[in-house]
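Undergrad: Model the placement of chains B and F on the given structure of chain Y, informed by the hints.
Protein chains in written order, with our numbering: chain Y, 3 to 150; chain B, -19 to 330; chain F, 58 to 344.
A portion of the hints provided could be inaccurate.
Claimed, not checked - So these bits of chain F aren't anywhere near chain Y, every CB distance computed over 10 Å:
no., residue
1, Thr74
2, Asp106
3, Pro167
4, Gly168
5, Thr175
6, Val193
7, Glu215
8, Glu220
9, Glu252
10, Asp265
11, Pro268
12, Glu269
13, Ile304
14, Asp311
Claimed, not checked - Cβ-Cβ distance ranges computed for the label pairs, FRET-style:
no., chain 1, residue 1, chain 2, residue 2, range
15, B, Asn207, F, Pro199, 23 to 33 Å
16, Y, Met51, F, Glu325, 26 to 36 Å
17, F, Glu60, B, Lys189, 36 to 46 Å
18, F, Thr335, B, Ala275, 35 to 45 Å
19, F, Glu325, B, Arg213, 43 to 53 Å
20, F, Pro198, B, Gln187, 52 to 62 Å
21, B, Val242, F, Pro199, 53 to 63 Å
22, B, Lys(-5), F, Arg119, 32 to 42 Å
23, B, Arg265, F, Pro198, 41 to 51 Å
24, F, Ala317, Y, Pro43, 41 to 51 Å
Derived by calculation from the structure, the hints in this document are not laboratory data.
Source: prediction; values computed, not measured.
Just so it is clear, CB atoms sit at the ideal spot from N, CA and C, and this is done for glycine as well.
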Amino acid sequence: MSERTSNQVDGFEPKIVAFLCNWCSYAGADAAGISRLELPPNILPVRVMCSGRVSIEMVLKALMAGADGVLVLGCHIGDCHYGSGNHRTVKRIPLLRRLMTYMGIEPDRLRLDWVSGAEAGRFAKITTEFVEAVRALGPLSLPLREGL
Amino acid sequence: MKFIETQALHAWLDKLAQEVTLIAPTAVGPEKKAPGSRNPAAQGQQVFYRAVSDSSQIAWDFTRTVISAREHFMPKTETLFTIETGPDGETVLHETKLERPRVIFGIRPCDARGLRVLDAVMLEQEPADVYYAERRRNTTLVGLSCPQMWEDCFCTSVGGAPNASDDVDILLTQVEGGCAVQIVTAKGEELATGMDLQEVEGLELPQPKLNDQFETPTEQQWLASFNDVYWQRVGDRCLSCRICTYVCPTCRCFDVRDETVVTPTGERIVRRVRAWDSCQSVNYRVHAGGHNPRANLEQRLRNRFYCKFHYVPVDYDVAGCVGCGRCVTACPVNIDIREVLQDLARRELA
Amino acid sequence: MIEDIRALARELLEKSTVECVIGYEVGPTGRVRPAFVYEPAGVERLIFDARCYHNLVTYLTRRNKPRKKGEEVPTTAVLVKPCDARSLQVLLNENQVQRDKVYIIGVACPGMQNADGTPELRCTRCDQRVPLIYDVLCGEPPEVPAVTDTYDDVERIEALPLEERLAYWLGELDRCIRCYACRQACPTCFCSVCEAERDDSLWVGIADRIPEKAFFHIIRAFHQAGRCAECNACEAVCPMGIPLSLINRKVAKDVAQMMAGYRAGESEEPTPLVTMLTGEEAIDEIH
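The shape of chain Y in the complex, shown without the other chains (with noise of 0.2 Å):
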């Protein structure tokens, strides 16, 4: 079994929506699960064609309706399906990562790695440890949530 961390006593588990590309992590998440790796249930995968695809508008309204992380794994840099599909991701995930922040949303709230679609392990390695980092933050703040 994973180690619990101290914030496991409110009993709080993260709701974490990941966006994953059909071509490579995706196709990594189910290497992973044929191959019986234990994941965390709190993910929602997210099935897009390429990482590129994943504009900010998702992934706000993703934490805005009762998501406390998100997720965004793509082709490794020169591997999109699509050429430079991933070039997009690369600026755009960090540069909203450095936006939320700024606004007062926790930095660790949001993540954007490579898993190709041979790396089960690295799947749930990053799954892992992303559940993790964000029970480590609570809930996304109050306020931020739609359905007050």
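TA: The following block gives chains B and F in isolation, referenced to the frame of chain Y:
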């Protein structure tokens, strides 16, 4: 003439704030000036009508608030009702109701006069708007006379006055040592029972200093100017920023949408939200099917003037503009309603 | 300078080189406002001084289509200060304005002033007194000492602890009334349907609550990444005095830092957010 000393007025307001929701002009925003910004709003606090907990929060020397008191009768955002699933799986509907009766203290005569238009639109025909009606019924208006007409004000050109008592329940006029008090309605009489009033013989109300009055266009001039290129010329510099419609005491257009949201505790609820809309926004008049009769900016700009000075007077027999001047102050490109009115009034009709 | 501007405008209109000259005038109550001159006689209305803070480039995206079907796109002359010229360059880079349909009257900028005569803060950190793009330049560029924009206003917010930052922005956004004046005044915000104002409420609804407003401001600032010329039109027009330049400048600062010093409107390169990596960007922030 009835009179109340300043101390007694403050004491009454403090007590009132415990019993009702007391809404009064109060400074809002950061106290520090934003250094060196062109934006006049960033130069210090602005005054709005907001709920206060005691009289020390009231901004006594205000001219007029940025947004009119209309926002308390038709809130910028209002949840009309929510629909949830109850504990036994049944559907439960909660209507939003006012928690306490309200007093709006310090409402200017022009703001109060603007409620005539809202009353006409929201209450005249069946079915009346129950949410508006409830707010109106449960609110007492204690007006504060303007000692002068402020820059950009033109209430006297549209049938109003800075010291008019027609539309409030009590009217206060600031004098030496306190306020002269005019009880106008039975509702005002009831509210005034808690006030420590004195009878003062020969107390004269100061006459407010007035701005120049000007002629407004006749109905024929409005009809004749509809297709004039004038609207294009004015519309050239309009940004469609809609600030004019948001600050106005008589603007009342709204949009209603149903939203499904998940609450922080995970329940799915539906809420019906009503929010301000503006005839200046591009899709305001778009029809089902996609046709937009006001696709051009000048058509939308023109509508604002026609709505206030032609449609509302013709449809409801009440003046659609109270001359508060807020839109004049607020417009970032100086589209001045007074200038437009005088330009049209000067036109020769064939 | 003003006589030069008027003479130039008169010539452009008399020769029908342009259909309209967009400049500044003083209204009947003494307020400076944008002016649209269609006749040579009207050029006497034009002025230019330190009160002329409006960015007139925002009007060009309305004039890039013919008024009636079958007609030509009209040619427009526009007065630009250096900051306005940067936003015009962005529009040209993005094909929102045709270069041969706009006649650029550059003005040497003395720096803008507030109503009380003090210099506008943004002008104290700018030494670009001559527009980077123009057809004709009017006025003598004033001598100003070289100054570097250190973005210390942004850094002051960055230095606050996270909880204080959140509290600060919640406080500022609370005043926002979603009038969209900032978007309307911005020359590079020209979408016909705004993401935050969709009739189907795809992203946000019509309510005036913090989540909707935070969403709008964050995505608007982000949509201006690498495109915002820092002309301050958004902050100048906000009726609630929200310090919007602090958000847009944060994004501009980060773009410059992360993407090889890129500044919007200073070249014919579009925003780096849409270009491919060429290896020089050291973007190592993905974790």
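Undergrad: Would you mind marking each hint as holding or not holding in the structure?
TA: Hints, verified against the model:
1. The Cβ of Thr74 of chain F lies farther than 10 Å from every Cβ of chain Y, with a closest approach of about 41 Å, so its non-interface assignment holds.
2. With a least beta-carbon separation of about 35 Å from chain Y, Asp106 of chain F lies farther than 10 Å from that chain, consistent with its non-interface assignment.
3. With 10 Å as the threshold on Cβ separation, the claim that Pro167 of chain F sits away from chain Y holds: the shortest Cβ distance comes to roughly 33 Å.
4. In this structure Gly168 of chain F is separated from chain Y by more than 10 Å, as the shortest Cβ-Cβ distance comes to about 28 Å.
5. Every CB of chain Y lies more than 10 Å from the CB of Thr175 of chain F, the least distance being 28 Å, so the non-interface label holds.
6. No beta-carbon of chain Y comes within 10 Å of the beta-carbon of Val193 of chain F; the shortest separation is about 37 Å.
7. Not every C-beta of chain Y lies more than 10 Å from that of Glu215 of chain F, the closest at about 6 Å, which undercuts listing it as non-interface.
8. The Cβ of Glu220 of chain F does not lie farther than 10 Å from every Cβ of chain Y; its closest approach is about 7 Å, which violates its non-interface assignment.
9. With 10 Å as the threshold on Cβ separation, the claim that Glu252 of chain F sits away from chain Y is violated: the shortest Cβ distance comes to roughly 6 Å.
10. Every CB of chain Y lies more than 10 Å from the CB of Asp265 of chain F, the least distance being 12 Å, so the non-interface label holds.
11. Remark: the non-interface label on Pro268 of chain F conflicts with the geometry, its nearest Cβ contact in chain Y lying 4 Å away (cut-off 10 Å).
12. The claim that Glu269 of chain F is not at the interface with chain Y is violated, since a C-beta of that chain comes within 10 Å of its own (minimum 7 Å).
13. Not every CB of chain Y lies more than 10 Å from the CB of Ile304 of chain F, the least distance being 8 Å, so the non-interface label is violated.
14. Interface exclusion of Asp311 of chain F from chain Y breaks down, the closest Cβ pair being 5 Å apart, not more than 10 Å.
15. A C-beta distance of roughly 47 Å is found between Asn207 of chain B and Pro199 of chain F, which places it outside the suggested range of 23 to 33 Å.
16. Separation of Met51 of chain Y from Glu325 of chain F is about 31 Å and conforms to the stated range, judged on CB atoms against 26 to 36 Å.
17. The hint said 36 to 46 Å for the Cβ distance between Glu60 of chain F and Lys189 of chain B, and at roughly 40 Å that hint holds.
18. Look at Thr335 of chain F against Ala275 of chain B: about 43 Å separates their beta carbons, and that is inside 35 to 45 Å.
19. Between Glu325 of chain F and Arg213 of chain B the Cβ separation comes to about 35 Å, which falls outside the hinted range of 43 to 53 Å.
20. Checked against the given bound of 52 to 62 Å, the beta carbons of Pro198 of chain F and Gln187 of chain B, roughly 54 Å apart, stay inside it.
21. At about 58 Å, the beta-carbon gap between Val242 of chain B and Pro199 of chain F stays in the expected band of 53 to 63 Å.
22. For Lys(-5) of chain B and Arg119 of chain F, the hinted distance range of 32 to 42 Å is not satisfied, since their beta carbons lie about 56 Å from each other.
23. Evaluation of the 41 to 51 Å hint for Arg265 of chain B and Pro198 of chain F yields a pass: the beta carbon distance comes to about 47 Å.
24. Between Ala317 of chain F and Pro43 of chain Y the C-beta distance comes to about 42 Å, which sits within the given range of 41 to 51 Å.
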